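Enquirer: Position chain W with the ligand against the provided structure of chain H, taking the given hints into account.
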Amino acid sequence: MDLAHTPEEDEFRARLRKWLGEVLPTLPPKPSPDEWPGRRAYDLGWQRRLYDAGYADVHWDASPTMRLIFLEETEKAGAPYVGAGFVGLLHAGPTIAAEGTAEQRARWLPPILRGEEVWCQGFSEPDAGSDLAALRTRARRDGDDYVVTGSKIWTSHAEVADWCELLVRTDPAAAKHRGITWLAMPMDAPGITVRPLKTLAGSAEFAEVFLDEVRVPVANRVGDENDGWRVTMVTLSFERGTAFVGEVVACRRVLRELAAEARENGRWDDPVLRRRLGRLNAEFRALWRLTQWNVSEAELSGGMPGVGGSVFKLRYSHARQELYDAAADVLGPESLDLDRPWVLDRLSSLSYTIAAGTSQIQRNIVAERILGLPKGR
Amino acid sequence: MRFQLTEDQRALRAGVRELLARRFGREALRAAVDEPGRLDRALWRELGAAGFFALRLPEERGGVGLGLPEAVLAFEEAGRVLLPGPLVATHLAAGEVPGAAAGEAVVADVGACGLVEWLAEADVVRGDAAGSVPLRSVDPLTPLHRVPAARGVDPVAVLLTAAEQLGGATRACELAVQHARAREQFGQPIGGFQAVKHLCADMLVRTETARAAVYAAAVTADPADIDTARLLADEAAVRGARDCLQVHGGMGFTWEFEVHLHLKRAWVRTHRAGDATESEERLAVDLLAQSS
Ligand SMILES: Cc1cc2nc3c(=O)[nH]c(=O)nc-3n(C[C@H](O)[C@H](O)[C@H](O)COP(=O)(O)OP(=O)(O)OC[C@H]3O[C@@H](n4cnc5c(N)ncnc54)[C@H](O)[C@@H]3O)c2cc1C
Numbered sequence: 001m002d003l004a005h006t007p008e009e010d011e012f013r014a015r016l017r018k019w020l021g022e023v024l025p026t027l028p029p030k031p032s033p034d035e036w037p038g039r040r041a042y043d044l045g046w047q048r049r050l051y052d053a054g055y056a057d058v059h060w061d062a063s064p065t066m067r068l069i070f071l072e073e074t075e076k077a078g079a080p081y082v083g084a085g086f087v088g089l090l091h092a093g094p095t096i097a098a099e100g101t102a103e104q105r106a107r108w109l110p111p112i113l114r115g116e117e118v119w120c121q122g123f124s125e126p127d128a129g130s131d132l133a134a135l136r137t138r139a140r141r142d143g144d145d146y147v148v149t150g151s152k153i154w155t156s157h158a159e160v161a162d163w164c165e166l167l168v169r170t171d172p173a174a175a176k177h178r179g180i181t182w183l184a185m186p187m188d189a190p191g192i193t194v195r196p197l198k199t200l201a202g203s204a205e206f207a208e209v210f211l212d213e214v215r216v217p218v219a220n221r222v223g224d225e226n227d228g229w230r231v232t233m234v235t236l237s238f239e240r241g242t243a244f245v246g247e248v249v250a251c252r253r254v255l256r257e258l259a260a261e262a263r264e265n266g267r268w269d270d271p272v273l274r275r276r277l278g279r280l281n282a283e284f285r286a287l288w289r290l291t292q293w294n295v296s297e298a299e300l301s302g303g304m305p306g307v308g309g310s311v312f313k314l315r316y317s318h319a320r321q322e323l324y325d326a327a328a329d330v331l332g333p334e335s336l337d338l339d340r341p342w343v344l345d346r347l348s349s350l351s352y353t354i355a356a357g358t359s360q361i362q363r364n365i366v367a368e369r370i371l372g373l374p375k376g377r
Numbered sequence: 001m002r003f004q005l006t007e008d009q010r011a012l013r014a015g016v017r018e019l020l021a022r023r024f025g026r027e028a029l030r031a032a033v034d035e036p037g038r039l040d041r042a043l044w045r046e047l048g049a050a051g052f053f054a055l056r057l058p059e060e061r062g063g064v065g066l067g068l069p070e071a072v073l074a075f076e077e078a079g080r081v082l083l084p085g086p087l088v089a090t091h092l093a094a095g096e097v098p099g100a101a102a103g104e105a106v107v108a109d110v111g112a113c114g115l116v117e118w119l120a121e122a123d124v125v126r127g128d129a130a131g132s133v134p135l136r137s138v139d140p141l142t143p144l145h146r147v148p149a150a151r152g153v154d155p156v157a158v159l160l161t162a163a164e165q166l167g168g169a170t171r172a173c174e175l176a177v178q179h180a181r182a183r184e185q186f187g188q189p190i191g192g193f194q195a196v197k198h199l200c201a202d203m204l205v206r207t208e209t210a211r212a213a214v215y216a217a218a219v220t221a222d223p224a225d226i227d228t229a230r231l232l233a234d235e236a237a238v239r240g241a242r243d244c245l246q247v248h249g250g251m252g253f254t255w256e257f258e259v260h261l262h263l264k265r266a267w268v269r270t271h272r273a274g275d276a277t278e279s280e281e282r283l284a285v286d287l288l289a290q291s292s
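Chains as they are written, first to last, in the numbering used here: chain H, 1 to 377; chain W, 1 to 292.
Some hints here could point you the wrong way.
As a list, the in silico SDA-like pairs of lysine to any residue whose alpha-carbon atoms are at most 25 angstroms apart [unchecked claim]:
id, chain 1, residue 1, chain 2, residue 2
1, H, Lys76, W, Gln178
2, H, Lys76, W, Glu184
3, H, Lys375, W, Arg282
4, H, Lys375, W, Gly67
5, H, Lys76, H, Asp345
6, H, Lys18, W, Gln246
7, H, Lys76, H, Asp144
8, H, Lys76, W, Gly131
9, H, Lys375, W, Glu27
10, H, Lys375, W, Ala195
11, H, Lys198, H, Leu336
12, H, Lys176, H, Gly202
13, H, Lys375, W, His198
14, H, Lys375, W, Ala221
15, H, Lys375, W, Val219
16, H, Lys76, H, Glu103
17, H, Lys76, W, Val285
18, H, Lys76, W, Thr220
19, H, Lys375, W, Gln194
20, H, Lys198, H, Lys18
21, H, Lys198, H, Ser351
22, H, Lys375, W, Thr220
23, H, Lys30, H, Ser156
24, H, Lys76, W, Val156
25, H, Lys375, W, Glu184
26, W, Lys264, W, Arg2
27, H, Lys375, W, Glu174
28, H, Lys375, W, His248
29, H, Lys375, W, Pro36
30, H, Lys176, W, Gln194
31, H, Lys76, W, Ala221
32, H, Lys76, H, Ala41
33, H, Lys375, W, Arg2
34, H, Lys375, W, Ala289
35, H, Lys76, W, Ala182
One-sided and incomplete, this derived list gives chain W residues near chain H with beta-carbon spacing under 8 angstroms [claimed, not checked]:
id, residue
36, Ala11
37, Ala14
38, Ala212
39, Tyr215
40, Leu288
Since the hints were derived computationally from the structure, they do not count as laboratory data.
All values reported here derive from a predicted model rather than from experimental measurement.
Glycine included, every Cβ here is placed at the ideal spot set by N, Cα and C.
Just chain H, same shape as in the assembly (with noise of 0.2 angstroms):
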C-alpha cells in the first residue's frame, strides 16, 4: 500500500506541468456560460490543444493513474474544462473504443480526440428518466436504415452536438432491457428538432430534442440490434468511474480560497464556520484519498471503472453543495449577488445529485450491486 509514483509518472507530470504553464496564457478570454458558440469553440480549441501536444487520448488510452495526474494537474494549473467534450471524450468516445467496428472506430474516434466534433448524449425522455430503460423512442428499420421518432430531454449540449448517442427501441414486443439499440445519429439529419431548455442557474446547457422520422443509417449502430441496454452500462460505468476526478482537485482550491476570504472578511473568527470548513478539508481530502484507491483498483483490474464509482458519487455530489453552502455563509449577504465567486457554482452544483444517476438511484445500486440486497419491487 503506498502512495508513491514511478518515475515514468513522474515524468509525465513534470512535463505536463511546464506544457501547461506555456500554454495557458496564451489561451483566448473564457467565454460567458449562457453563449453556446464561443463555448463550443472555446472547449473544441481548447482539445486541439491537446491533441497537437500529445494529451488528447489521455481519457483514452494512459493508464488509470496517468488520467489521474493529467486530470489533475490540468484542474491544479486552471486549465479549461473538457466541456462540450465531455460525452464524446467520457462516454460515446470509449462506447466506441470498446463495442465499435474498425471502420466506425476510424470514422468517429479521431474527430473526438482532434477536437473537431461534439456529442451529446440523448438517453433520457420524457417519461424515461431513472428507469432509463422505460425508453420508448422508436426506430423502425426501412432498408439501410432505422427510421426513429420520438422525444428527448436534458440532452446537454444538443444545440452544438454534431452527433448523438442515441438510444432507441427496435423491439416493442422484448421485455424492457431487451428491445434496446443504442444508434450514432448526426444531428443535422431532417426531422431533428432541437428546443434549448434554461437551467436554474441561466445558463444554456442542455435541451429537448424531437424526433419526427430521422432517418440513421443501420451503418451507425454500435453493438447488435436490441443489445444497446449492455452497450449503455459500458458508458455508464466511464460516466460514474472517472468522470468527477478533476473536480475534486477544483474543490480543494475553492476550499482554500474560501478559507482565505473568510479571513479578509473577518468571518474567520466565529469558530463555527472555521469548524465547518475544517470539517470539509477532511471531507475532501478524504474524497481524493478515495479517488487515489479507485484508481489504483482499476490500475489492478485492467482499467475499467467499478461500481465503487457509485460510492464516490454519492459522498461527492453531497460534499460540492455542501461546499458552496458553506461559501454563502463565508459570503453572507453577498452571497446574493450573481457576479460574486461561487454564487453560480452554487446553483450549478444543485445539479449534482441528480445528473448521471441521482442519489437515491446511486443508493439502490450501492445496496443492491455491493451489499447484495433485495431489489426493489
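Expert: Using the frame of chain H, we list chain W with the ligand on its own:
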C-alpha cells in the same frame, strides 16, 4: 501508485482476523460483558506472542519490524470484534515499557480528555494518574477513571484509534446488511424496502470513504491526514452503529444484541483522541497554510 493492500498485508489481516475469531468470538465477548473490568491476561499474552504490540518495533529490538499500515490493519480487526483492553496504549509502550511488547504488561495512558481506560487493571500507567476517580463507564467493556491532569495525545494513537473505529463501522454495516437480507416483514426481506436499503448504502459510503482516509494517513503519517482519518472514522463508526441499531428494530435496543457495544465503544474512542473540534480547527488552519 499502488494504493491497495499488498499480498503480505492481506495475509497479515487474515491472520489477525483468524486469531481473533478463535480467541475472541461471540462467546468470549458475552463473557467479557458479564465480567466487566476484568482483562483476559492469557489472551493479552497471546496477542503479544503474535506480535500485536511489537508490530512496529524494529527487528533488532525484538519487534516484528512492520509499519503503520500494518498496525492500522491489525487495529481495524481489533475494532471489528470489539477486543477490549488498552490496546493502543500498550502498543505505543512497546519497546519503552518492559513487558509491553510481549503482552506481559498491560499499559494504560492518561488520555487527552483527562480520562484513563483500564486504570485498575494496568501494570503501568503513563502520565499522571494522581487523584483518579472511577466513573460508571457507559461502555461495559471499557472501565474509565477521571484524572485532574490531561495529557497530550500521540498522533499514532489517534490514527490507531481511527483504525479501530473503521473496523467497528465495517462490522456495523455487515451486521445491518445480514439482518436486512434475512428479516422479513410485509412478506419480503426488509432490505428490499428503500428506507432500509438506503441506510445500508450510506453506511457503506461512510465506511469506504473513512477507509481511504485511514489507510492514506497510515501511508503518509501526515498530521492533517491523521486528523482527516479521525474525523471520518469517528463519523463512520458512530453513525454506522446507530443506523445498524435502527435496522435491527427492537432487537437493536437489547442488551443481548452486540450493536450497543459498538456504539458505546465508538463513543469512548471519539474522546480518546481529544476533542473533535481541535481536529477541525487544525484542519481549518491547514487551509490557510496551503493557500499562502
Ligand atoms: C444538468 C443535467 C444534465 C443532464 N444531461 C443529460 C444528458 O446529456 N443526456 C441525458 O440523457 N440525460 C441527461 N440528464 C438527465 C438525468 O440523467 C436525469 O435527470 C436523471 O437520470 C433523473 O431522471 P428524471 O429527471 O426523469 O427524474 P425522475 O427519474 O423522475 O426522478 C424524480 C425523483 O424521483 C426519484 N426516483 C425515481 N426513481 C426512483 C427509485 N426507483 N427509487 C427511489 N427514488 C426514485 C429520483 O431520485 C428523483 O428524486 C441531465 C440532467 C441534468 C440535471
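Enquirer: Each of the hints needs a verdict: does it hold here or not?
Expert: Results of checking the hints against the structure:
Simply put, H/Lys76 and W/Gln178 have alpha-carbon atoms about 43 angstroms apart, too far for the 25 angstroms limit, and the pair is violated. For the given pair, H/Lys76 sits about 51 angstroms from W/Glu184 by alpha-carbon distance, which is inconsistent with the 25 angstroms threshold. At roughly 44 angstroms between alpha-carbon atoms, H/Lys375 and W/Arg282 are farther apart than 25 angstroms, so this suggested pair is violated. Taken as a hint, the H/Lys375 and W/Gly67 pair is broken in the structure, with Cα atoms around 42 angstroms apart against an allowance of 25 angstroms.
Proximity of H/Lys76 to H/Asp345 is assessed by CA-CA distance (about 18 angstroms); at most 25 angstroms being required, the pair is judged to hold. Between H/Lys18 and W/Gln246, the direct Cα distance comes to roughly 54 angstroms. Violation of the 25 angstroms bound is thereby established for this hinted pair. Of the pairs offered as hints, the one joining H/Lys76 and H/Asp144 is violated, with about 49 angstroms between alpha carbons and a cut-off of 25 angstroms exceeded. For the hint linking H/Lys76 to W/Gly131, the alpha-carbon distance of about 54 angstroms lies beyond 25 angstroms, and the restraint is violated.
Taking the CA atoms of H/Lys375 and W/Glu27, the gap is near 35 angstroms; set against the 25 angstroms cutoff, the hint is violated. A C-alpha spacing of about 13 angstroms is found between H/Lys375 and W/Ala195, which places the hinted pair at or below 25 angstroms, so the restraint holds. Our distance criterion of 25 angstroms between C-alpha atoms is met by H/Lys198 and H/Leu336, whose separation comes to about 20 angstroms. Restraint check: the Cα-Cα separation between H/Lys176 and H/Gly202 comes to about 36 angstroms, which exceeds 25 angstroms; the hinted pair is violated.
For the hint pairing H/Lys375 with W/His198, the CA-to-CA distance comes to about 12 angstroms; that is within 25 angstroms, so the pair holds. Taking the CA atoms of H/Lys375 and W/Ala221, the gap is about 42 angstroms. The hint is violated against a cut of 25 angstroms. Between the alpha carbons of H/Lys375 and W/Val219 the distance comes to roughly 38 angstroms, so the proposed pair goes past 25 angstroms and is violated. The hinted pair formed by H/Lys76 and H/Glu103 fails the criterion: a straight-line CA distance of about 37 angstroms is larger than 25 angstroms.
Proposed proximity of H/Lys76 and W/Val285 is supported: the alpha carbons are some 21 angstroms apart, at most 25 angstroms. Note on H/Lys76 and W/Thr220: the hinted pairing holds, with a Cα-Cα distance of about 21 angstroms set against a maximum of 25 angstroms. Restraint check for H/Lys375 and W/Gln194: satisfied, since their Cα atoms lie roughly 9 angstroms apart, inside the 25 angstroms limit. Annotation: proposed proximity of H/Lys198 to H/Lys18 is violated, straight-line Cα distance about 39 angstroms (limit 25 angstroms).
Proposed proximity of H/Lys198 and H/Ser351 is supported: the alpha carbons are some 13 angstroms apart, at most 25 angstroms. Taking the CA atoms of H/Lys375 and W/Thr220, the gap is near 40 angstroms; set against the 25 angstroms cutoff, the hint is violated. For the given pair, H/Lys30 sits about 19 angstroms from H/Ser156 by alpha-carbon distance, which is consistent with the 25 angstroms threshold. Note on H/Lys76 and W/Val156: the hinted pairing is violated, with a Cα-Cα distance of about 31 angstroms set against a maximum of 25 angstroms.
For the suggested pair H/Lys375 and W/Glu184, the alpha carbons sit about 14 angstroms apart, so the restraint of at most 25 angstroms is met. Of the supplied pair hints, the one linking W/Lys264 and W/Arg2 is violated, its CA atoms being roughly 35 angstroms apart against a limit of 25 angstroms. The straight-line distance between the Cα atoms of H/Lys375 and W/Glu174 is roughly 18 angstroms, inside the 25 angstroms bound, and the hint therefore holds. Using a Cα cut-off of 25 angstroms, the hinted pair H/Lys375 and W/His248 holds, with the two alpha carbons roughly 20 angstroms apart.
For the given pair, H/Lys375 sits about 43 angstroms from W/Pro36 by alpha-carbon distance, which is inconsistent with the 25 angstroms threshold. A distance of roughly 22 angstroms separates the Cα atoms of H/Lys176 and W/Gln194; the hinted pair therefore holds under the 25 angstroms criterion. Pair hint H/Lys76 plus W/Ala221 holds up; C-alpha atoms about 24 angstroms apart against a cutoff of 25 angstroms. Taking the CA atoms of H/Lys76 and H/Ala41, the gap is about 23 angstroms. The hint holds against a cut of 25 angstroms.
Note on H/Lys375 and W/Arg2: the hinted pairing is violated, with a Cα-Cα distance of about 34 angstroms set against a maximum of 25 angstroms. Our distance criterion of 25 angstroms between C-alpha atoms is broken by H/Lys375 and W/Ala289, whose separation comes to about 48 angstroms. Distance restraint check for H/Lys76 and W/Ala182: the Cα-Cα separation of roughly 48 angstroms exceeds the 25 angstroms cut-off, and the hinted pair is therefore not satisfied. Annotation: W/Ala11 was flagged as interfacial toward chain H, and the flag is violated, the nearest CB pair being 13 angstroms apart, outside 8 angstroms.
Below 8 angstroms, beta-carbon pairs count as interface contacts, and W/Ala14 has none with chain H, the closest being about 15 angstroms; its hint is therefore violated. Checking W/Ala212 against chain H by beta carbon gives a least distance of about 4 angstroms; that is within 8 angstroms, so the hint holds. Taking 8 angstroms as the C-beta cut-off, the interface hint given for W/Tyr215 holds, the closest approach to chain H being about 6 angstroms. Interface restraint check: W/Leu288 against chain H, minimum CB-CB distance 5 angstroms, threshold 8 angstroms, status holds.
This entry does not satisfy hints 1, 2, 3, 4, 6, 7, 8, 9, 12, 14, 15, 16, 20, 22, 24, 26, 29, 33, 34, 35, 36 and 37, going by the numbered hints stated previously.
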